[in-house]
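Given the structure of chain A, go ahead and fit chain B onto it with the hints provided.
Number of protein chains: 2
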Amino acid sequence: MAKINRDYTKLRSSYLFSDIAKKVAAYQSSNPSADIIRLGIGDVTRPLTPSVIEAMHKAVDEMADEKTFRGYAPDLGYDFLRSAIASHDYRKRGCDIADDEIFVSDGAKSDSGNIQEIFGKDNVVAVCDPVYPVYVDTNVMAGRAGEFAEDAGRWSDVVYMPCLEENGFAPMIPSGDRVPDIIYLCFPNNPTGATIVKSELQKWVDYANEHGSVIIYDAAYEAYISEDDVPHSIYECDGARTCAIELRSFSKNAGFTGVRLGFTVIPKDLKVEGVRLYDLWARRHGTKYNGAPYIIQRAGEAVYSDKGQEEIKGLVKYYMDNAAYILNGLKKAGLCVSGGVNAPYIWVKTPEGLSSWEYFDRLLTVANVVGTPGSGFGPSGEGYLRLTAFGNSERTKEAVDRIAGIVI
Amino acid sequence: MAKINRDYTKLRSSYLFSDIAKKVAAYQSSNPSADIIRLGIGDVTRPLTPSVIEAMHKAVDEMADEKTFRGYAPDLGYDFLRSAIASHDYRKRGCDIADDEIFVSDGAKSDSGNIQEIFGKDNVVAVCDPVYPVYVDTNVMAGRAGEFAEDAGRWSDVVYMPCLEENGFAPMIPSGDRVPDIIYLCFPNNPTGATIVKSELQKWVDYANEHGSVIIYDAAYEAYISEDDVPHSIYECDGARTCAIELRSFSKNAGFTGVRLGFTVIPKDLKVEGVRLYDLWARRHGTKYNGAPYIIQRAGEAVYSDKGQEEIKGLVKYYMDNAAYILNGLKKAGLCVSGGVNAPYIWVKTPEGLSSWEYFDRLLTVANVVGTPGSGFGPSGEGYLRLTAFGNSERTKEAVDRIAGIVI
Numbered sequence: 013m014a015k016i017n018r019d020y021t022k023l024r025s026s027y028l029f030s031d032i033a034k035k036v037a038a039y040q041s042s043n044p045s046a047d048i049i050r051l052g053i054g055d056v057t058r059p060l061t062p063s064v065i066e067a068m069h070k071a072v073d074e075m076a077d078e079k080t081f082r083g084y085a086p087d088l089g090y091d092f093l094r095s096a097i098a099s100h101d102y103r104k105r106g107c108d109i110a111d112d113e114i115f116v117s118d119g120a121k122s123d124s125g126n127i128q129e130i131f132g133k134d135n136v137v138a139v140c141d142p143v144y145p146v147y148v149d150t151n152v153m154a155g156r157a158g159e160f161a162e163d164a165g166r167w168s169d170v171v172y173m174p175c176l177e178e179n180g181f182a183p184m185i186p187s188g189d190r191v192p193d194i195i196y197l198c199f200p201n202n203p204t205g206a207t208i209v210k211s212e213l214q215k216w217v218d219y220a221n222e223h224g225s226v227i228i229y230d231a232a233y234e235a236y237i238s239e240d241d242v243p244h245s246i247y248e249c250d251g252a253r254t255c256a257i258e259l260r261s262f263s264k265n266a267g268f269t270g271v272r273l274g275f276t277v278i279p280k281d282l283k284v285e286g287v288r289l290y291d292l293w294a295r296r297h298g299t300k301y302n303g304a305p306y307i308i309q310r311a312g313e314a315v316y317s318d319k320g321q322e323e324i325k326g327l328v329k330y331y332m333d334n335a336a337y338i339l340n341g342l343k344k345a346g347l348c349v350s351g352g353v354n355a356p357y358i359w360v361k362t363p364e365g366l367s368s369w370e371y372f373d374r375l376l377t378v379a380n381v382v383g384t385p386g387s388g389f390g391p392s393g394e395g396y397l398r399l400t401a402f403g404n405s406e407r408t409k410e411a412v413d414r415i416a417g418i419v420i
Numbered sequence: 013m014a015k016i017n018r019d020y021t022k023l024r025s026s027y028l029f030s031d032i033a034k035k036v037a038a039y040q041s042s043n044p045s046a047d048i049i050r051l052g053i054g055d056v057t058r059p060l061t062p063s064v065i066e067a068m069h070k071a072v073d074e075m076a077d078e079k080t081f082r083g084y085a086p087d088l089g090y091d092f093l094r095s096a097i098a099s100h101d102y103r104k105r106g107c108d109i110a111d112d113e114i115f116v117s118d119g120a121k122s123d124s125g126n127i128q129e130i131f132g133k134d135n136v137v138a139v140c141d142p143v144y145p146v147y148v149d150t151n152v153m154a155g156r157a158g159e160f161a162e163d164a165g166r167w168s169d170v171v172y173m174p175c176l177e178e179n180g181f182a183p184m185i186p187s188g189d190r191v192p193d194i195i196y197l198c199f200p201n202n203p204t205g206a207t208i209v210k211s212e213l214q215k216w217v218d219y220a221n222e223h224g225s226v227i228i229y230d231a232a233y234e235a236y237i238s239e240d241d242v243p244h245s246i247y248e249c250d251g252a253r254t255c256a257i258e259l260r261s262f263s264k265n266a267g268f269t270g271v272r273l274g275f276t277v278i279p280k281d282l283k284v285e286g287v288r289l290y291d292l293w294a295r296r297h298g299t300k301y302n303g304a305p306y307i308i309q310r311a312g313e314a315v316y317s318d319k320g321q322e323e324i325k326g327l328v329k330y331y332m333d334n335a336a337y338i339l340n341g342l343k344k345a346g347l348c349v350s351g352g353v354n355a356p357y358i359w360v361k362t363p364e365g366l367s368s369w370e371y372f373d374r375l376l377t378v379a380n381v382v383g384t385p386g387s388g389f390g391p392s393g394e395g396y397l398r399l400t401a402f403g404n405s406e407r408t409k410e411a412v413d414r415i416a417g418i419v420i
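Residue numbers (this note's numbering), protein chains in the order written: chain A, 13 to 420; chain B, 13 to 420.
Since the hints were derived computationally from the structure, they do not count as laboratory data. In this text, all values refer to a predicted model and were calculated from it rather than measured experimentally. Hints should not be assumed to be uniformly reliable.
Identical copies carry no separate label here, and so any pair may be met within one copy or between two of them.
Think about it this way: if two alpha-carbon atoms lie no more than 20 Å apart in a straight line, the pair counts; the simulated SDA-like pairs of lysine to any residue are [unchecked claim]:
| no. | residue 1 | residue 2 |
| --- | --- | --- |
| 1 | K343 | Y27 |
| 2 | K22 | V171 |
| 3 | K22 | V287 |
| 4 | K79 | I48 |
| 5 | K22 | K133 |
| 6 | K344 | E162 |
| 7 | K15 | R288 |
| 8 | K361 | N43 |
| 9 | K319 | V378 |
| 10 | K22 | G298 |
| 11 | K22 | D134 |
| 12 | K343 | G180 |
| 13 | K133 | L23 |
| 14 | K22 | E129 |
| 15 | K104 | S350 |
| 16 | K22 | G286 |
| 17 | K34 | G298 |
| 18 | K35 | R374 |
| 19 | K79 | I53 |
| 20 | K133 | T21 |
| 21 | K22 | Y290 |
| 22 | K22 | E159 |
| 23 | K325 | D169 |
| 24 | K15 | L366 |
| 25 | K133 | R18 |
| 26 | K325 | F81 |
| 27 | K215 | M13 |
Bound-form chain A, shown alone (with noise of 0.2 Å):
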């Protein structure tokens, strides 16, 4: 008799955005003529850039001919992808990342789900509250998160790090007894948009150093950061390359979420146990998987190249200018938000002390406006909810007139 994955129906049944989904459904449905405005999900809406469809256009025609038609690429990526990610991406900031340090993948979310696999069922997990859901499901389906205890909203095995706003909405480092072995780390974050200087990340390099921990730094908002003291990656820290991983996106900065295509980073210094994590990452991807479609590495190749950095500014302004509008817009409300400046997420604490789904409820039935409700994201994430800057222009400044009209 086979036995499933005991572990699969421990996970949470409900879902965040299907759940908003439905809500936002059932009100249009009964309210037909309400002009929605959605800034939820973190999905971008520009079209992509000249040189990316020129790219994949030519990548397209030499499928079609013999003498120049790819099959099977190579498990960890095409040398111009990786090469042009490690020079560009790493080198030109200063950090020393090797081209073939870098593993192609096709998005942050298989990677930061599938990142775990390599380590044993028997390590500490830590992460931010409010967090990313798929960190915490994916060691839930490992059987790494303990049980699920209803009242507190929070798994029993795993150590949360909260993110509140004494600390600017970024964690603080764990200091209980339990010291975590596996550290996810979001930084520009999602949800709350926050970020910290080179000097506070330091601190946490460190920390992971001295306790052989390892940090799985998401870094997919990168391309959002405006500040100088703000780093791009965790190996502008001294020390990162022996206990780091990087998770990297084209979703976000070249609008690839239906294109699919990202990258992790594993220095070849990163060893556990006298193990080189490179090398189980290698192994993991040469097994169960076949690399990133040709035409698609060559979209992110184009990326890099002058004409494509120039517009992807283009791409990251628009929507910066969008949060701008957000937050400003909103402050002049008399919101109390954050996030917005080195990233495209604005974390708005709700008012008169509304929980996040009455001001989510409130926000789509008098505004017609939708968000992400901060509770989705973990307990700390209560009284706050999360808009995106994803949004058309025009869209998204007549959303943020409409929320600061009924808060007035």
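Leaving out everything else, chain B in the frame of chain A:
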């Protein structure tokens, strides 16, 4: 202190295709003028067909326009593709499969590697011998394989189903004490090229239903079936909806090895311990995967158009003409060969009692032809060599003539 996944360290370090590549490179380096023909790796060589190319160009253009741009895809695949698959590959063949029982992915390799994850650790796994290495290695990584016995060349906890000459290189239903919980079957078989008729496959389905086993049925090569009584899908058998998962690929029928598209079918009737595997796999997709690229899913859809179907028939015919040439040419030369009728693989018995690697070396150095040693797929592959029909037609003929030349 972080801990690694110790099961990863149990994996055999050598890897068949990299060993082959090293041997070929060494020979080429010592013999720079040698004109080597590669019939080893199962990668396709013909370009993508016009319908697919046209669909991809169109989809790329859609991504360039904000009105038609697509962000995140549905986790389980776009409806247009799931519907085309379910209709053409299943319902048209009389198989009762609904659109939403199709899970679109980036390929059968990923799916065949990841599928074991929804099962508990304490399942007994059965595989063919010889076997596609991914089935075994991913179970090793999950801790299900036990220990490797060097002398036997086998894992202690895995049930092996030898595919021997006396059974037409197809596995026999296990009759030993250990009843397998999860049974990996691959028809048409990689590497032997064997198939079984529908009445034989029905026995496997009956066995699985009787014992509560789950069959993971890899049908990646179904497009190569030329004989009427060979089933294209396990769902042609009665009762398969309650015991079988089927894996499919666009790699070999439409030449998508570098495009990356496949799918898994899980009927909603398939329950293990009362839980629908459908729900577990959907949860895995939703948590660890973000869907195949829009452009690639449109390419897949184009394969199902009338024109697309005609084109891929031409592709398959090209390769099957190669298979026929190899099969007949080597038979005429006095070699014992099988496969190649319903599969793109030809399974060659080594002459003169040579080992697989000895014959590999002989073909490489005397005929300058690269095959794949059968022993690389498992101990029962010893004494065999796999040739693939995926090469260029002229080169394949040349290779066959050379091999025939050294045998006679």
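Verification of the hints:
1. For the identical chains of this complex, K343 and Y27 are neighbours neither inside a copy (30 Å) nor across copies (59 Å), given an alpha-carbon limit of 20 Å.
2. For the identical chains of this complex, K22 and V171 are intra-copy neighbours only, at 18 Å inside a copy versus 30 Å across copies, given an alpha-carbon limit of 20 Å.
3. When the C-alpha separation of K22 and V287 is checked against a cutoff of 20 Å, the pair qualifies only between copies, where the shortest distance is 13 Å, while the shortest distance within a copy is 31 Å.
4. With identical chains, the CA atoms of K79 and I48 are at most 20 Å apart between copies only, with a shortest distance of 18 Å across copies and 51 Å within one.
5. For a Cα distance limit of 20 Å, the shortest separation of K22 from K133 qualifies both inside one copy, at 16 Å, and across copies, at 16 Å.
6. Within a single copy, K344 and E162 get their C-alpha atoms no closer than 38 Å, and across copies no closer than 72 Å, so neither meets the 20 Å cut-off.
7. Taking identical chains as interchangeable, the C-alpha atoms of K15 and R288 lie at most 20 Å apart only when they sit on different chains, with a minimum of 12 Å there against 33 Å within one chain.
8. For the identical chains of this complex, K361 and N43 are neighbours neither inside a copy (27 Å) nor across copies (72 Å), given an alpha-carbon limit of 20 Å.
9. When the C-alpha separation of K319 and V378 is checked against a cutoff of 20 Å, the pair qualifies neither within a copy, at 43 Å, nor between copies, at 51 Å.
10. Within a single copy, K22 and G298 get their C-alpha atoms only as close as 30 Å, which misses the 20 Å cut-off; across copies the closest is 15 Å, which meets it.
11. Proximity of K22 and D134 under a CA criterion of 20 Å is satisfied in both settings, with 18 Å inside one chain copy and 18 Å between copies.
12. For the homomeric pair K343 and G180, the shortest alpha-carbon distance inside one copy (16 Å) is at most 20 Å, but the shortest distance between copies (76 Å) is not.
13. Taking the shortest Cα distances, K133 and L23 sit within 20 Å of each other both inside one copy (17 Å) and across copies (18 Å).
14. Taking the closest pair of Cα atoms, K22 and E129 come within 20 Å of each other both inside a single copy (18 Å) and across two copies (15 Å).
15. In this homomeric assembly, K104 and S350 never come within 20 Å of each other (Cα to Cα): the closest approach is 30 Å inside a single copy and 56 Å across copies.
16. When the C-alpha separation of K22 and G286 is checked against a cutoff of 20 Å, the pair qualifies only between copies, where the shortest distance is 15 Å, while the shortest distance within a copy is 33 Å.
17. Within a single copy, K34 and G298 get their C-alpha atoms only as close as 39 Å, which misses the 20 Å cut-off; across copies the closest is 17 Å, which meets it.
18. In this assembly of identical chains, the alpha carbons of K35 and R374 lie at most 20 Å apart only when taken from the same copy (12 Å versus 68 Å across copies).
19. Within a single copy, K79 and I53 get their C-alpha atoms only as close as 42 Å, which misses the 20 Å cut-off; across copies the closest is 18 Å, which meets it.
20. Taking the closest pair of Cα atoms, K133 and T21 come within 20 Å of each other both inside a single copy (17 Å) and across two copies (14 Å).
21. In this assembly of identical chains, the alpha carbons of K22 and Y290 lie at most 20 Å apart only when taken from different copies (16 Å versus 31 Å within one copy).
22. In this assembly of identical chains, the alpha carbons of K22 and E159 lie at most 20 Å apart only when taken from the same copy (8 Å versus 30 Å across copies).
23. Taking the shortest alpha-carbon separations for K325 and D169, neither the intra-copy value of 42 Å nor the inter-copy value of 54 Å comes in at or below 20 Å.
24. For the identical chains of this complex, K15 and L366 are neighbours neither inside a copy (44 Å) nor across copies (43 Å), given an alpha-carbon limit of 20 Å.
25. Within a single copy, K133 and R18 get their C-alpha atoms as close as 14 Å, and across copies as close as 9 Å, so both meet the 20 Å cut-off.
26. With identical chains, the CA atoms of K325 and F81 are at most 20 Å apart between copies only, with a shortest distance of 19 Å across copies and 32 Å within one.
27. In the homo-oligomer, the alpha carbons of K215 and M13 lie at most 20 Å apart only across protomers (17 Å), although the nearest pairing inside one protomer, at 50 Å, exceeds that limit.
The structure does not agree with the numbered hints 1, 6, 8, 9, 15, 23, 24 stated previously, though it agrees with the rest.
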